[in-house]
Amino acid sequence: MSKSFISIIVFLVLLVIFINGFSASYTSRQLGNLAYVLAMGIDVGENSKMKVSVQFTKTNSVSSSSSSSSEDSSNVVLVSGEADSIFSAINLLNSYIGKEINLSHCSILVFSEDFARNGISTEIYSLMNNEEVRPTTNLVISKCDAYDYLSNSNPNIEKLTTQYYETFSITGRFTGYFSHVTIGEFFNSLSEKSSGSTAILGGLNATARKENSNNKSDNSSKDDSSNSTNSSELGENENVVINPENLIAGNSSVTGKRGTENFGLAVFNNDVLCGELTAVESICHLLIVNELDSCIISIDNPLLEDEAEKMELLIFPTKKSKINVDIKDDIPHISLKLSLDADIMTINNNIDYEDENVLLKISDSLNKYLKTQLTNYLTKVSKEYGVDIDSFSTKALSHFSTIPEWESFDWNNKFKEATFDVSTDINVLSTMLITKT
Amino acid sequence: MENTKIGSKEAIALLVTVIFNHIIANMTKSIIDTTSSASLINILYIGIIAIIYTCIICYFLNKFPTLDLMDISEYLGGKFLKWGVGILFTIYFIFFAGVLLHMFASCLEIMYFQLVKIEYIVCLFVICATISCLMKYNAVYRANLIIFPLLIISTLFLFLADFPYMIVEKMYPILGNGWYATFVEGLSNMFVFQGIAYIYFIPSKLKEPNLLKKICVNSIVFSCLFLLISVAIVLFMFNGFVETDELLPLYSAVKYIEFGSFFQKLDSAFVLIWIIGIASYLSITLKFSSAILKKITKIENENIFIYLLALILFVGSIWQKNYATSIFLVNTVYKFSFFILVIAFSFIILLLASIKKVIKK
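Order-wise, the sequence lines are chains Y and U.
In terms of the numbering used here, the first sequence opens at residue 1 and continues consecutively.
In terms of the numbering used here, the second sequence opens at residue 1001 and continues consecutively.
Hint data in this document are derived by calculation from the structure and do not stem from the laboratory.
None of the hints are false.
Pairs of lysine-lysine, DSS-like flavour, derived with a Cα cap of 27 Å:
#, chain 1, residue 1, chain 2, residue 2
1, U, 1298, Y, 3
2, U, 1213, U, 1360
3, U, 1117, Y, 99
Next comes chain Y alone, as it looks inside the complex (with noise of 0.2 Å):
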């Protein structure tokens, strides 16, 4: 035989135990035998520990250049099932649908308010010990059940599903209204001692809401025709809130087809839900951490006598801030410096906006605000909350030569007495196109 046969043969008989090895693998993951999820949400379970709802797009919908919105939204389906932990849940769904779940494409992953509180630290951990699980997911803590936050996410604007909950990424960044927050970051918090972690507050619309409260009195009219008088205007006579010193999601006054809204922030201890930031203190908290390119402030106009007259200014950094930590007596003294430039929004009837005291009054009233706001914030997350959230302890770390001494100093305890030097320097510039009125 030649040596040239011999090596066809070997080359055979290898394609065929290889092919015989690796085909196992396509055989069960072959693209029509996966189901992409969307996205994921996780409440308290009535029966066990958790109900688990993923979120599909059907798979034909996508290609469909025609599909509207609205088709979209039909082509979205949300399964939900409980069990004691996500990955029984999950495979309870996989004999449910008759497919292998993936969530290599899950783009938010939504964990209800009274889950939140009792820890996700388990959860959290075994999503990233999942190969299929992007760290760069969002996550989002829900003031409503995760399934309702889920069922009612359906693009307003957005062509498919997934665009929306892309937008996540940057709406931050340009209103300060909320952070996008991922599990990777969560997850990195997680491993930190020192450190808080935050997660975006989602939460349902006034539409959404009110649509919610007529099913349940509609529900319990059916129960119980007795009640049916008082529940029937649950929605109309709830809280909204306008101000967004105040404002967090599931209080807004928004309407629309989407019944969801993300405004805020989650604050958690270690992996335990402890509170909420509003949306000012949201802003406030970019602001810190520099992840924010611009917003909308509203302040008390200075140049008119009537207090209840708003100014809004668009406000964008123009320096990173400067975190300085000093430790005397054992208390950390943290100094803030931000720098912002601004520019004027609302203008009034008969003033000059070239004038520079004009400007310079406006200035101090912003520069007022703002440091009322992040004073009122950082005692807040210091003292209320008793979390680092901004990574003050990145910046303190420099003092301390060894890991034994920085643990000695026991950073979570002091933090909460430490003392906060607020600097704003803000640069109002001038109004947009109109500068005298």
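Model the placement of chain U on the given structure of chain Y, informed by the hints.
Using the frame of chain Y, we list chain U on its own:
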């Protein structure tokens, strides 16, 4: 005759590739586990020591131009020592290449081939390494020279792409677990410079043996830079105090890379480059080990040894019960073996042979 020798660029690429593959296969984590936030200082420290040590062994090797450790052992202690050194280094190269291959194949299994037995994955690597070793005209080293720039570019790209996720302050506290842990216990991290083990066998393969010192020092400097970048990626992105260990830390870092919504999941491209890198490393190891066996047995046909060692490599990478065994072997047994065999034993042979030469003169 010229085709059996390697040039200085090929030699540098060879030595750096060996170290680079150790970096991919979890060595960054091993360094950070020992020295925490002081890892970067530790790398600079062990890098300087590795350069000094390399200069010393190059000084001794230059006393025996074109001779490698095998020839020097024969000169010092006759055939018995030559056999001993040859067998020990062959076991060292093949056994730990098997362990690293097991670790990498386990990761591939978890990432892409969950239903495929690890034996098939390992087998593919071993076949690939064997075929490239059987090629004539030092194809292994030339192919490695082509792959080498890919490894450099991918690492630099990883660092730059992940830069927005990095927090430089994580390098503090500057001394990590203390000066003792950084400068005394941290010395054990020198085992990452596995290229040193290959330096002993390179003189006989070089086209220009007089450039040995330059080649070796350059390769250690390059490796040190790579190590610095790789550890910086892991240290700055993840928690420096390390409460959680990850299978392939660099792979975890790769998963963060995204450029808008179009370029996502770039990890597959990196894994492809690393697969080629690992295959290249295995080829180099097989080639070196078979050359050692050929030298001690004086059997002309090197192919027999390539087949035999490939089989041992395959067995060496599938016998491990689980990932914990591989980690123990790398973090404990590999470290000790490196310091005993590569640093102490080989150095003593070089020292005594030099003394013998001086006395004979």
